[in-house]
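Line by line, the protein sequences are chains A and B. Numbering of the first sequence is given in our numbering, commencing with residue 1 and proceeding in unit increments. Numbering of the second sequence is given in our numbering, commencing with residue 1 and proceeding in unit increments.
Calculated directly from the structure, the hints in this document are not laboratory data. We treat Cβ as the ideally placed atom computed from N, Cα and C, and that holds for glycine. Just so you know, not all the hints are guaranteed correct.
[What the hints assert, rightly or not] Capping the alpha-carbon separation at 25 angstroms, the derived lysine to any residue pairs in SDA-like fashion look like this:
| no. | chain 1 | residue 1 | chain 2 | residue 2 |
| --- | --- | --- | --- | --- |
| 1 | A | K83 | B | T227 |
| 2 | A | K83 | B | G230 |
| 3 | B | K83 | A | S25 |
| 4 | A | K83 | B | R225 |
[To be verified] Partial pick of chain B residues on the chain A-facing surface, computed with a CB cut under 8 angstroms:
| no. | residue |
| --- | --- |
| 5 | Q54 |
| 6 | L55 |
| 7 | D60 |
| 8 | Y79 |
| 9 | P168 |
| 10 | A169 |
| 11 | W202 |
| 12 | P216 |
Number of protein chains: 2
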Amino acid sequence: MSATTTRFPRAILFDAYGTLFDVHSVLAQAEQLFPGHGDALSQLWRQKQIEYSQLRTLADPAGSHYRPFWGITLDALQYAARKLGLPLDTVGEKRLMDEYACLSAYPDVIAALRTLRERRRTAGAAQLALGILSNGNPQMLDIAVKSAGMTGLFDRVLSVDAVRAYKPAAAAYALGTRAFNVSAREIVFVSSNGWDVAGAGWFGYTTFWINRANTPAEVLGIAPRGTGSGMADLLAFIDTLAAPEQP
Amino acid sequence: MSATTTRFPRAILFDAYGTLFDVHSVLAQAEQLFPGHGDALSQLWRQKQIEYSQLRTLADPAGSHYRPFWGITLDALQYAARKLGLPLDTVGEKRLMDEYACLSAYPDVIAALRTLRERRRTAGAAQLALGILSNGNPQMLDIAVKSAGMTGLFDRVLSVDAVRAYKPAAAAYALGTRAFNVSAREIVFVSSNGWDVAGAGWFGYTTFWINRANTPAEVLGIAPRGTGSGMADLLAFIDTLAAPEQP
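Sequences and hints are given; from them, build the entire structure.
Given below as structure tokens:
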């Protein structure tokens with residue numbers, strides 16, 4: 001370990017959907033099925049997916065209304081199509097769900113993850129573990145990681161399925177501190193979702209918001225520790241944290 | 001008490017915002033401030049208001065991130081204006097919040113509540129109590145009930161503020177069974193919000209969904225016990241429940 005770096009941060013945890021995987025890469029398929037409505041369907045599908053996950057956990061944090069994320073994703077698609085008056089049949093539904101199973105990664109993701117792994121190799125194995133902490137159920141995440149070409153880039157792929165509670169429930173975020181056996185403050189939690197960054201911040205993580213779409217900050221009384229427009233900004237942020245404290 | 005009625009239901013509990021009070025009656029004011037954008041602002045304001053309340057409770061059901069609904073309503077307005085790129089100054093903000101404080105009732109509400117109270121008077125005081133169970137904080141609800149001309153129509157006006165947990169948390173719904181000292185099944189819970197109807201159903205209430213906007217049912221694996229397009233349908237539903245069991 002270099003004498004000029006501190007041991008902080010110890011790990012980086014990434015949200016998956018919307019952060020690593022581009023959930024709107026289904027847009028092209030949706031637009032092909034429903035010309036002129038692909039964007040609206042894609043947006044509402046995503047909004048309802050998040051809403052349904054949160055409602056089920058809020059109604060019972062112990063998980064009696066829990067349904068795996070793949071099922072919630074299908075429920076949300078069906079609602080969104082009905083709300084928009086789009087005639088979604090089982091063939092169209094399967095095409096969109098298949099597309100969702102194999103989302104593209106954002107173009108800046110793979111190279112940045114490789115850079116972070118290279119730093120880890122240079123610095124020693126105990127430094128800078130990489131992980132995913134996602135609402136997706138394990139099978140979904142497994143397929144998504146493989147199809148996006150991220151196999152072997154993460155030390156841990158954590159699914160909230162283990163606690164049957166969706167983010168921003170504390171039980172979901174606690175999977176990260178438990179997996180890496182370090183305090184929340186020593187973990188950088190990265191998400192493109194404003195609500196996820198707020199939840200992770202409330203839990204105690206050092207948060208970084210990748211604001212890809214240049215949307216305004218959520219008004220939730222808690223700001224991310226760092227913000228940027230993509231993975232390059234995250235790398236710069238990590239450098240700042242790893243720099244020695246000024247005397 | 002008439003010999004032809006059963007003791008079921010014992011009470012009717014109404015959601016307030018979106019069910020009794022028309023949250024989109026702020027639309028005219030919003031449209032005046034931002035011509036061509038009133039509807040979008042009104043819709044996004046409402047969506048974020050609900051989202052923020054749920055996020056705060058989900059992150060900690062014990063209430064450490066709780067913020068009274070009036071504050072959340074302001075937060076949501078500020079976010080919605082920024083997201084839509086609308087230059088909301090403090091004067092405009094005050095005008096919209098003042099409007100929100102004194103929402104109109106839907107046109108069918110007052111007469112229906114009077115009908116229900118009249119039935120109660122005929123049937124005896126123990127029968128068919130009327131209440132509100134709302135996310136709104138007590139001061140908000142007090143002003144809203146008065147300005148909508150509903151003073152004296154309810155036996156109880158219950159605010160989730162008492163438990164610092166927003167619907168659909170079970171602690172919020174439990175305020176109703178505690179206040180009326182009857183089982184959830186004996187209370188008809190009425191809401192225009194699909195997520196609220198689902199949450200109340202999960203809790204055990206006999207639910208009625210007033211689907212004013214003719215939107216599709218939420219795909220949450222639980223259906224309301226009754227559905228209608230307005231208060232007249234609710235009255236008919238109550239009649240059905242109160243009818244004697246067939247031998």
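For each hint, the structure was consulted:
1. A:K83 with B:T227: 17 angstroms, holds
2. A:K83 with B:G230: 20 angstroms, holds
3. B:K83 with A:S25: 22 angstroms, holds
4. A:K83 with B:R225: 21 angstroms, holds
5. Q54: 6 angstroms, holds
6. L55: Holds - the Cβ of L55 (chain B) comes within 8 angstroms of chain A, reaching about 5 angstroms at its closest.
7. D60: 7 angstroms, holds
8. Y79: Check passed: Cβ of Y79 (chain B) comes within 5 angstroms of chain A, closer than 8 angstroms.
9. P168: 5 angstroms, holds
10. A169: Status holds, d = 6 angstroms.
11. W202: 5 angstroms, holds
12. P216: Interface hint status for P216 (chain B): holds (4 angstroms vs cutoff 8 angstroms).
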